[in-house]
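Note that the protein sequences, when read in sequence, are chains A and U. Using my numbering, you'd call the opening residue of the first sequence number 1 and step up by one each time. Using my numbering, you'd call the opening residue of the second sequence number 1 and step up by one each time.
Keep in mind that the hints are not guaranteed to be accurate.
Stated by the list, open to error - Computed footprint of chain U on chain A, listed as stretches where at least three residues anywhere in the stretch have a Cβ under 8 Å from a Cβ of chain U:
| # | stretch |
| --- | --- |
| 1 | 157 to 168 |
| 2 | 318 to 327 |
As the list claims (entries may be wrong) - A few chain U residues that face chain A, going by a derived Cβ cut-off under 8 Å, partial list only:
| # | residue |
| --- | --- |
| 3 | Arg123 |
| 4 | Arg134 |
| 5 | Pro188 |
| 6 | Ala189 |
| 7 | Trp191 |
| 8 | Phe193 |
| 9 | Asp194 |
| 10 | Val228 |
| 11 | Val247 |
As the list claims (entries may be wrong) - Residues of chain U clear of chain A, computed beta-carbon distances all greater than 12 Å:
| # | residue |
| --- | --- |
| 12 | Pro25 |
| 13 | Pro80 |
| 14 | Asp81 |
| 15 | Gly83 |
| 16 | Pro122 |
| 17 | Arg183 |
| 18 | Ser216 |
| 19 | Pro226 |
| 20 | Asp273 |
| 21 | Thr280 |
| 22 | Ser288 |
Simulated from the structure, these hints should not be mistaken for laboratory data. From a predicted model like this one, the values you see are computed outputs, not experimental measurements. Where is the CB? At the ideal position from N, CA and C, for every residue including glycine.
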Amino acid sequence: MTAHVIDTSGLVVLPEAECRRLLERGGVGRLALQGGSTPVLRPVNFALVDDELLVKTNDGPLWAHAQDGVTASFEIDEVHHDDHTAWSVLVEGRLRPVDEDEVGDDVPLEAWTPTERRHTVALSLESVSGRLMSEVAAARPAGPRSPAPPDADGVDPWGRSERARAVTARLLEPIARRWFRFTVDGLDHLPAEGGALLVANHAGAIPVDASLLMHVIERDRQRPVYALHHHALRTVPGVGTFLARNGGVVGHPDNALRLLRDEQRLVLVFPEGTKGTTKPFRDRYRLARFGRGGFVETAMRAGVPIVPIAVVGTEEAMPTLFRLPVAPGVQWPVTLNALLLGPAGAFVQFPVTIRARVLPPITLEQPPGLDRYPTFRVAEAAERVRATIQAAVDDLRDQRRAAS
Amino acid sequence: MRNVLVTAADEPLGAAIVARLANHPEVQLLVAAGPPQTRVPGGAELVTLGSEHGAIAAVLQRGRIDTVIHARHLFAGPAPDPGAHVIAAMRLATAASDRNGPVRRFVLTSSAAVYPASARAPRLRREDEALGARSGTLAAAFAEAEGYARDLAVDHPHLAVAILRLADLVGDGATDPLPTLLRGLVVPAVWGFDPAVQFLHLEDAAAAVDHAATTSLAGVFNAAGPGVVRWRRAARLLRRPVVDLPVQATQAMPFPGPGADTAAALRYGRALDTSALEATGFTAARSSEACVEALRRPRSRPAPRSRLAPVVPLRRALSAPGA
């Protein structure tokens, strides 16, 4: 999914998948029928079931039209008066009457009217389209700026060097293949072009998830990945430079926005942060809360989708058994590796199988480029992402258990 | 812009601005302020701004100065004097604020040093970044001077006030901290760090000031040579050996003055987002890397920084007819 498409009226075109997702919510929409001389428009309760919109009615024009199988239109929308944003989805299709028996009891369709509605009518989804209105989206000049080229040494303005990536790839490939037997499924969900925020769960006292994911994505999808890290790592001599040469960038919102919006890059982020890497083993695979969802807000502002990624195995590669308070506010994770291997345990990970699954992208239906996004929407989206990854993590673990 | 006052004409930046404006088609009267011995090009008149109250206002009034360019640069000369820098800005802003006065444009040159170098900073510093400079540091001095210009803008809507934050200057006589380090026999670096830095050539700085004055720019704008240069690459381009210092040598007690900020810049660098200025139609001609090349040429002796000048009567230009 590239940067959003804007039609000739300056409205953002919503992809069909997104329109269907909005229809799935059900609720109230407006049904338009051919009346006598003028069209008839009325609000109705509806539900989306098996690719059809179901509406309840009594004997009357709608029921008659359904028997005749005429065409009709249906619209849902949401309008925000405070910031002049709105979206609208339009469906065109053909009506048909629905048998009583066809409609299951679990269909969430209820009429709000006091009188009972005896019949059910279905509208097929022959054409589905949607638009999003946002002053900011239309005003912004289209097209991302191309990223600044690397200097004569091959180092780009972020500090990344493809030569360094090549060396790292040569070192990581045998480790990924043989030590960790690392596999990723769902790589096709990564867009071939355009920006996307990759969100993954984080684990292991020294997490290998970032390096393995970046390596495989760059190897198999031929697209560079930048990974956001805590600024404290930049203060360590050598480490900061090493991370930068390999595509690491300090996790500042401005940096993320430039990478996503201006350069349309793939950016990998681990919202759990240190909460993920210092988790004791008994809490493994329970994803920590994703903070206030800053990463979501950045993706909204940049107008790019979020691609959730679930990773399983890193918790066992370097498990934290318990934490020792070594200084006020500082807890040192004591790993099984350190207990068994001594000093080598600081960087040798157990050879467990690590699997990752790339999940379908989540498009946030918010207008890009705003200064402020409602906190509840941001938090809700962040929680949705977390839950999606958690479900996939649980599924991967079940598969692992079943296989062993 | 017809009648222009440029301060600090004895410093490299001020002198470059005066030289550029001396050939400007729109400028009729060019007044360069500096100590008595300052050389100014023909076409510019030298005046020394005394320290008594009302001296600057008198100069502005007599010359019908509509454009004031405060080009004092904290990094000019051997020892930066933050206090004097702030006071000079304050006096000039006060004099320019007279609503009945002739001034319509005020351009202040500031420095990228207002953005402290740090690990948690974004890669490109934007003008709307909140400045939280510790008092006593150079960043604080620049910020305070900017504050006076900002107040000028807020309280006097008839004035177009532009603040230009310039990257470290390179060129004849410039003594900004990072370029100075690159010109030494050996170039210091911090082991394990390779920061990205930016520079701005004096000629481009003068051009930016010219652009701000000509187009009556209002607001804060970053100015730097396009692109960044990595520190070790810069040393290599200049064929200078690099001496690696342990990080502890630079992390010691934070002390005010150029040392602390330069030490942080040697670790984390500093780069500016110049898109705001570019949107107004100005891009520096020499990239940051080209500025490093410019450092190769033998450096000329910087103009000597004079001590506080005695009060001098106004020159004849300001008592010319029409003044």
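Against the structure, the hints come out as follows:
no., hint, verdict
1, 157 to 168, "holds (count 3)"
2, 318 to 327, "violated (count 0)"
3, Arg123, "holds, 6 Å"
4, Arg134, "violated, 18 Å"
5, Pro188, "violated, 14 Å"
6, Ala189, "violated, 11 Å"
7, Trp191, "holds, 6 Å"
8, Phe193, "holds, 6 Å"
9, Asp194, "holds, 5 Å"
10, Val228, "holds, 6 Å"
11, Val247, "holds, 5 Å"
12, Pro25, "holds, 33 Å"
13, Pro80, "holds, 27 Å"
14, Asp81, "holds, 32 Å"
15, Gly83, "holds, 32 Å"
16, Pro122, "violated, 4 Å"
17, Arg183, "holds, 21 Å"
18, Ser216, "holds, 25 Å"
19, Pro226, "violated, 9 Å"
20, Asp273, "violated, 9 Å"
21, Thr280, "holds, 16 Å"
22, Ser288, "violated, 10 Å"
The structure is inconsistent with the numbered hints 2, 4, 5, 6, 16, 19, 20 and 22, although it conforms to all the rest.
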